[in-house]
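*Asks:* Sequence:
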Amino acid sequence: MRLLQYNSDGNFSLTEFFDKAIPDYAILSHRWGTEEVTFEDLQKGIGTNKAGYEKLRFCGEQARGDGLKHFWVDTCCIDKSSSTELAEALNSMYRWYRDAARCYVYLLDVSVLKRKAGDTSTEHTWGSAFRDSEWFTRGWTLQELLAPRVVEFFSQQRRRLGDKGSLKRHIHEITGIPVSALEGAPLSQFGVEERFSWAENRQTTRPEDKAYSLLGIFGIHLLPIYGEGKEHAFKRLRKKIQKSLTVDEQNPLDPQSQSCIQDLRITDPREDKKRIEDTKGGLLRDSYQWILKHPDFQQWRDDKRSRLLWIKGDPGKGKTMLICGTLDELSSSTKLRDKEATTLLSYFFCQATDDRINNASAALCGLIYLLIDQQPLLISHVRKKYDDAGKALFEGTNAWVALSEVFTSILQDPRLKSIYLIIDALDECTVNLNQLLDLISRTASTSPRVKWIVSSRNEPNIEARLRVDNTQRLSLELNEEHVSRAIQMFIDFKVSKLRLIKDDSKLQETVRDQIYAKANGTFLWAALVLKELESVESWDVLDVLQDMPPELEPLYDRMLRQVEQLQRKDPEFCRLVLSTITLAYRPLYLLEVGALSNLPRQISSNIEKVVKVVNKCGSFLTIRENRTYFIHQSAKDFLLERAFNRIFPSGKADVVYTMFSRSLEVMSKTFRRDMYGLHAPGFPIEKVNPPIPDPLAVAQYSCLYWVDHLLDCDRGHTTNDLKDGGSVHQFLTTSYIFWLEAHSLMKSLPDGIIMIMKLENRIKFDKSPNVHAFIYDAKRFALHNRLIIEQAPLQTYCSALVFAPEKSIVRETFKRYIPPWIQRKPRVETYWNAMLQTLEGHTDWVYSVAFSPDGKQIVSGSWDRTVRRWDAATGQQLLPALEGHTNSVYSVAFSPDGKQIVSGSGDRTVRRWDAATGQQLLPALEGHTNSVYSVAFSPDGKQIVSGSGDRTVRRWDAATGQQLLPALEGHTDWVHSVAFSPDGKQIVSGSWDRTVRRWDAATGQQLLPALEGHTNWVYSVAFSPDGKQIVSGSWDRTVRRWDAATGQQLLPALEGHTDSVSSMAFSPDGKQIPTLCVSENWLAEGITNLLWLPPGYRPTCQATWGGVIALGHQSGGVSILQLQPGPKLVT
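Start counting the sequence shown at 1; every next residue gets the next number (the working numbering).
No wet-lab data here; the hints were simulated from the structure. Small disclaimer: the values here were computed from a predicted structure and weren't measured. One or more hints might be untrue.
[To be verified] Okay, derived cross-link-like pairs now, SDA-like style, lysine to any residue, Cα gap no bigger than 25 Å in a straight line:
no., residue 1, residue 2
1, K164, I217
2, K506, Q567
3, K240, P224
4, K747, K612
5, K612, G677
6, K758, D694
7, K609, T670
8, K518, P224
9, K1028, G1013
10, K942, L921
11, K497, K304
12, K767, G716
13, K616, L498
14, K747, D708
15, K20, M1
16, K616, D714
17, K758, N833
18, K391, A352
19, K339, D355
20, K80, S128
21, K69, Q156
22, K764, D714
23, K210, L161
24, K669, K616
25, K531, I217
26, K80, D286
27, K304, E340
28, K210, S166
29, K764, K899
30, K274, D355
31, K339, L237
32, K899, N598
33, K531, D543
34, K417, N470
35, K80, S13
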């Protein structure tokens, strides 16, 4: 290895070292230019006038400053005229970078020069230039990034920008390389395909180098053969990699991918299939064979144009078992059964009575989970979003959008050959069914490798949305002969298994004929009757059959009458169980049934006795894995509709109240500190495994739904419970922090926060002041500590209590649980301050924030190029992040109806987004020639206005994205703020040219005169609610008011700020001028400083809604504060 050394005369010399004698050295990483200094130049003592010589000088000086005498630069330390030396260098390159004491990355295309005031050139910050640097697009720089321990980045001016550690989040976002890889995790921890993906979008000058540049990434030695072509080079590389891997390493999943799969696994559809088959008495091959020979199925299977088969029929016709049988037949030729197959098969069973699997997001999770199980490389599609969002990607109302994007991306993966996708019981998808149907239709139409089978009841909505060319519709009613024959085979088989009549062939034949005659083509009817006959003596069989009414509803009625005729107290016990399970928000475990159903203690505390009661409930219920399910959705429908008065003789009220009150009782008995025995205060939630038995098992349902059942109660039932000293007050004052710990362990803390807010809305201050005060304090406590309690459950008793305000009711109530090892507690505030919570998710400065019109959402725009949405109540990020901008996002706003978000960016575009789904609405609005600094909607939502560094204001049609001409020209410097008047007839703009200008919103004509008076840049403008005044804030530290009609300044100027005024707004009634102003250090009202903001909380932007203020920070966080209305005095 040759190394360079700085000589005393200022020139460079080369010295060759061998392995053990190699001294410490620095190494340069850079983008090659046209005038690089070569090995031959140094040998001849020439090249000092080449541009590349400055790089050598930079590297040498930097190394010397770091105490290193030697350094290495690829352009001149390798003799490229020697093919042997070149081959050795290519195979040693990774090792040389790995062994370097320091690696200096010289970025010629990144400048740290800042824009001067008054300069009209394009804004340039090193942050955006860093992201766009060509260095991140070159093949060889990948190993130069990953191999060295220390990598430092330098600008064109040789200014140090940071190192691999401090810039890891930026580098991760630019490259997609996991942070752990950047932190030095062994590359062998990452899958082969994942490592290949890191180089996917990188380029090399010579095509073969795209493969050769990866030799060190895989630890492979390969002889370079220039001229062989890229494809052949990759073929040799892959062959060498395959030989070097052990069996376990063929498809490795790194720890983050394993966590991703665990979080994705809401259910394993294979287990659901087995449970369903067992519940329905097993899968009989002869009962589904007919569908495999049906012309519609065969056309779907064989015709490439036929990509959707819809099996439809009335309840109980056997659709689900047909799907199970079809799955068994298809799976033999797919990777589910044959690892050498190239076809993937994934499926999902919807069930309305189970909230785990009754929604569209769960369906996608299940489909994606099985696809990844067969082809682990597909995890990369999920990781692109999971690495940013974590488990939240798969949860909440916005999970559908992110999951549908991931799912679509997977289906488009070029490595996949063909895919079968099957969903059963679409009609039992109760959440986002229309979106799921649209996704099925879209992918069936556009993805030629994908074939779908779906089943459902005959519902017009499903019929209307499954409009796909060449769809095969297989109606069970139109195939009555096949269905009847299948039912007959099912009946024959099940009758032959009836133990009590197995020796009487004549009786068997009679039973078969009678069941077949009454079944009327309904599998479920036959299955329910046969189940009852299993315990009937042979001499009673025909009498029982005679009593069985045809069709399902009469059969259910008979089943319920049998329950009502049980001995002694059994009918009442069964009614309690059926009514509780009917009103539960999800299927209950046996422990939960006992705890919630008001059964006598000697039954409720004994699972075996609970099982006996459940089994006495006719055939309405079934038990699988200690969980109770309705035998069929139609059974639950019958109890809630036809049999309502028999199950709820006093109405629902008594049952709902019992579920609420028993929930409080169960939680009070179960909760305690450190329920899982974690002991370590910082024990991370991702490493928590529930103990066996799980102490929380009996209380999980109650923990999640007690408030919902309270709110479902008639108000008269809960009057005493909500009083001061009532059951709710007692529970909170004895168990609140245990309840928070339980939510953390269950990974459901945002749900808990929403429950507290629901409770706060229910309880009146004047009737229950102490309860109300506790709940308000509990809400503040949970919001303030959400992040740390979510990450480490036991911090509920440590950080959360220790740093709570001195007068916090929660702190005062539970201070005895603060660990004794915290001997001296820090000085804390006396009361809760104005900050409600901090929203974390952005990875760079937050430049703009805004509230939705109803105050329920916050939107933020950041230098990390994303727009993010947040639940204003809980602080939870609503996924997905809105990605599309290629530069910093400077401004965001909601439409007046809250349905759209608009954003303006340094990429010179304005983009629109669906506020509910996060989907970008195309096209992007293009026309500005410089960064867009401000955007706003007109009051009617029909227009968007934008202000830009190109000195113009532009208007756009909000529906089509079409620019409305002309552009509004008149400013002589950047336009930093724009706003519409309340009637939508005027636009006002503020500029760095120190003026405020008004424009006719319809014609674009400037309304003279320009509003002049500020002595420095105008940063913010706004109209009063009545449209009669305009207010502007400036770097001259003043707020000025103007008559909106005449342009006349209304004196006096509002002076008193000690720094630039970057934002302000009128109060809603327009009487206070302006309500809020944010300077660098203070949150002010008018000219009165109210709240000094510590360095970590000083905002880059702010938005208000009512008395709530959102502040965006350089750190990438968003803080939410709330101020009381009226005078703010210290007394």
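*Asks:* It remains to establish, for every hint, whether it holds in the given structure.
*Replies:* Verification of the hints:
no., hint, in the structure
1, K164 with I217, "holds (17 Å)"
2, K506 with Q567, "violated (34 Å)"
3, K240 with P224, "holds (13 Å)"
4, K747 with K612, "violated (33 Å)"
5, K612 with G677, "violated (33 Å)"
6, K758 with D694, "violated (28 Å)"
7, K609 with T670, "holds (21 Å)"
8, K518 with P224, "violated (78 Å)"
9, K1028 with G1013, "holds (19 Å)"
10, K942 with L921, "holds (15 Å)"
11, K497 with K304, "violated (43 Å)"
12, K767 with G716, "holds (14 Å)"
13, K616 with L498, "holds (20 Å)"
14, K747 with D708, "holds (19 Å)"
15, K20 with M1, "holds (11 Å)"
16, K616 with D714, "violated (31 Å)"
17, K758 with N833, "holds (22 Å)"
18, K391 with A352, "holds (24 Å)"
19, K339 with D355, "violated (33 Å)"
20, K80 with S128, "violated (36 Å)"
21, K69 with Q156, "holds (23 Å)"
22, K764 with D714, "holds (16 Å)"
23, K210 with L161, "violated (28 Å)"
24, K669 with K616, "violated (29 Å)"
25, K531 with I217, "violated (62 Å)"
26, K80 with D286, "violated (73 Å)"
27, K304 with E340, "holds (22 Å)"
28, K210 with S166, "violated (28 Å)"
29, K764 with K899, "violated (32 Å)"
30, K274 with D355, "holds (19 Å)"
31, K339 with L237, "holds (24 Å)"
32, K899 with N598, "violated (45 Å)"
33, K531 with D543, "holds (16 Å)"
34, K417 with N470, "holds (21 Å)"
35, K80 with S13, "holds (18 Å)"
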